[in-house]
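Following the hints, put chain B in place on chain A, whose structure we already have.
Heads up: the sequence lines are chains A and B, in that order. The first sequence begins at 1 in my numbering and counts up one residue at a time. The second sequence begins at 1 in my numbering and counts up one residue at a time.
Since the hints were derived computationally from the structure, they do not count as laboratory data. The C-beta atom is built at its ideal place from N, Cα and C for all residues, glycine as well.
Derived, one-sided and incomplete: chain B residues facing chain A with beta-carbon distance under 7 Å: (1) F71; (2) F73; (3) E75.
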Amino acid sequence: MSAVMSQAHDDAAAEASPQPNAVVPWLQRPALQRVFYPLLVAVLLLAAWQALVVAFQVPHYLVPSPLRVAGTLFTDAALLFGALVTTLKITVLAFVCATLLGVAIAFAFVQSRVIETALFPYAVLLQVTPIVAIAPLIIIWVKSPTASLVICATLVALFPIIANTTLGLRSVNPGLASYFRLQRATRWQTLVRLRIPSALPYFFGGLRISSGLALIGAVVAEFVAGTGGTGTGLAYQILQAGYQLNIPRMFAALVLITATGVALFAAMAALSQWALAGWHESEVPHE
Amino acid sequence: MTPAIQVLSVSKTYANGTQALLPVDLTVQAGEFVTLLGASGCGKSTLLKMVAGLLEPTDGRLRVGAERIAFVFQEATLMPWARVQANVRLPLDLAQVPRAEADARVRDALQLVGLQSFASHRPRELSGGMQMRVSIARSLVTRPTLLLMDEPFGALDEITRHKLDADLLELWREQKLTVVFVTHSIYEAVYLSQRVIVMAARPGRVVDDVKIDEPYPRGAAFRVSTAFAAHAARLQDALQRASAAEPALV
Chain A
1 MSAVMSQAHD DAAAEASPQP NAVVPWLQRP ALQRVFYPLL VAVLLLAAWQ
51 ALVVAFQVPH YLVPSPLRVA GTLFTDAALL FGALVTTLKI TVLAFVCATL
101 LGVAIAFAFV QSRVIETALF PYAVLLQVTP IVAIAPLIII WVKSPTASLV
151 ICATLVALFP IIANTTLGLR SVNPGLASYF RLQRATRWQT LVRLRIPSAL
201 PYFFGGLRIS SGLALIGAVV AEFVAGTGGT GTGLAYQILQ AGYQLNIPRM
251 FAALVLITAT GVALFAAMAA LSQWALAGWH ESEVPHE
Chain B
1 MTPAIQVLSV SKTYANGTQA LLPVDLTVQA GEFVTLLGAS GCGKSTLLKM
51 VAGLLEPTDG RLRVGAERIA FVFQEATLMP WARVQANVRL PLDLAQVPRA
101 EADARVRDAL QLVGLQSFAS HRPRELSGGM QMRVSIARSL VTRPTLLLMD
151 EPFGALDEIT RHKLDADLLE LWREQKLTVV FVTHSIYEAV YLSQRVIVMA
201 ARPGRVVDDV KIDEPYPRGA AFRVSTAFAA HAARLQDALQ RASAAEPALV
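Okay, chain B solo, but in the shape it has when bound:
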């Protein structure tokens, strides 16, 4: 299998001297679901943005094998003046895809996220969870092979979040995507991932690489199983050991 992403001792130092990320090595295989887990300031978003090409690494090399990358932000970042279908069509409009083909793909993407009957709504008429679904539809409409998600469900309530987590896993399996998912929730990381990259702050670095060797589909029962608790305990332990080494600032 060819790796979808190869991160070779990539590091990031900001102009003011802040070390956002110490050199990181990471390989993500095609079709993998990998989560970057850590507290704020650990460089997980920085790493993701470098993979997306939104930020330049200070040092090191990045190889991204995927042809089509989609990025889902923390907020839905929809155009408030445009209806749902126009928001989802945006990347195709920007790439000048013919209108008829674009509209067909928009319909498919909206169906994938369960919003086909909301095509002519405005974003403000939708709940936070539905806005996030629109944002995901907008990323799927380009038929990406690599999906990068930066704390996409962080602003949602827990019940909505669980539902979107489950739906995301189905999308990942059905569309054979490679997903790199950033979160600060241990439980979300355990529920979603095949592999969790544990990161720590000050300076941002990778401290552990944990396999979550559990079968899919993962139902709601998995969230309350002993195996789930064991994985969560393992991740929590790794996070605590890492933060014990730093000066107590929080």
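One chain only, chain A, in its complex shape:
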């Protein structure tokens, strides 16, 4: 076959090729700015905190200074990081369970409107029931402490995965859907080649929300279980430190929980960017 249509260089390939950037001062690079400015705020706030605590001689059992919290993180490292591993284990297990279960439920919803209509209200019911209210029941019913905590955290993290994945699986470009129909694609081909890729941006949005919720669920469940004396996670450490008025340790545990949440979110954002870079608007760098 010969080239019939003329070479299509002219009609706008120029947009496609990246502009060779002139050397930009390092602080003007957006990637660095995204790190630098929040970091600057953190440093300023911590410095102000430290200065105020020192200036007004606030006792450390009321408000510990950032340096003292950092010191506690170091001196209580064995205790706190052991607790972190426990909490992290529950969070990750719950997050994985929520993802698998949520995706499975979303697939079931998309296969049949009857299933969705019948079951969706209960998914909402699950979402609006406060986990603190049902956690004691689950902890009583389920013997294994780890399993009961994972179940609680899974329940908290489940809904965004179901809702987002269902929405995504339904958000297929109608033109592409017609094209697949026209080509007599099987149900399976349409699912794998069209529905699943179309759902990915929504699914990753769900993952980001759920990763944070899994952690919150784990901590809340530990709080409830902790009063019963079964927990050894970070929430339990916060409770214990509270009883002992060990405020620096409370803060240190809190720092670890927050850092875990941020790390989970960053991991999900990176995963989303890796999977969607190059094609989805949300992950394409702005010109």
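Then chain B, alone, in the frame of chain A:
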């Protein structure tokens, strides 16, 4: 010559009672370039979709002789996550054509539309005109004998559109395709077609069947010739006479 398409008093009424198309008779010969011309709501897309099998006629019979039909939509309808070559390969993947053969055919199709150096680009990196070329390559990769096109260049700027019109005519001649092309542009209809089926709305119907008896290849000079203007005037006249008969809604 055997007809590529025979439309025998085919009509379409939607479930809500809207008459999309009054009974239509139409024969398209193999190798013909026929355009369906009309305002929105005249049923031209409906007719094309019935020929493609995307819609069922309410009444009448359709005979489509072509073995392999390709349909080009108004939008490029490409998979944004897939590279150009994977988009073009899609119909072959769906038909489970072996990979090596599929890749060779993809290369040929991309060469036909002049995009061989853009095989690994993503659709969003291409202009509207280039995306449409990918869409055309995707339809050619199945080696169709009948090409159905539903306002394929409607969203493009005029200059790009003229270029794609000219390239389409060359493809049609080289590949010996039968083309049924839907447009609302009188000028595009005159430039491209051997025959123009003029349609009118409310209810959708065929009002005229006009031969554009001009030789190919048709260069850019044809667009500004007096013969071109005469054909355009004839089509415009047919469209106006048809719309004069309906209540003024626009």
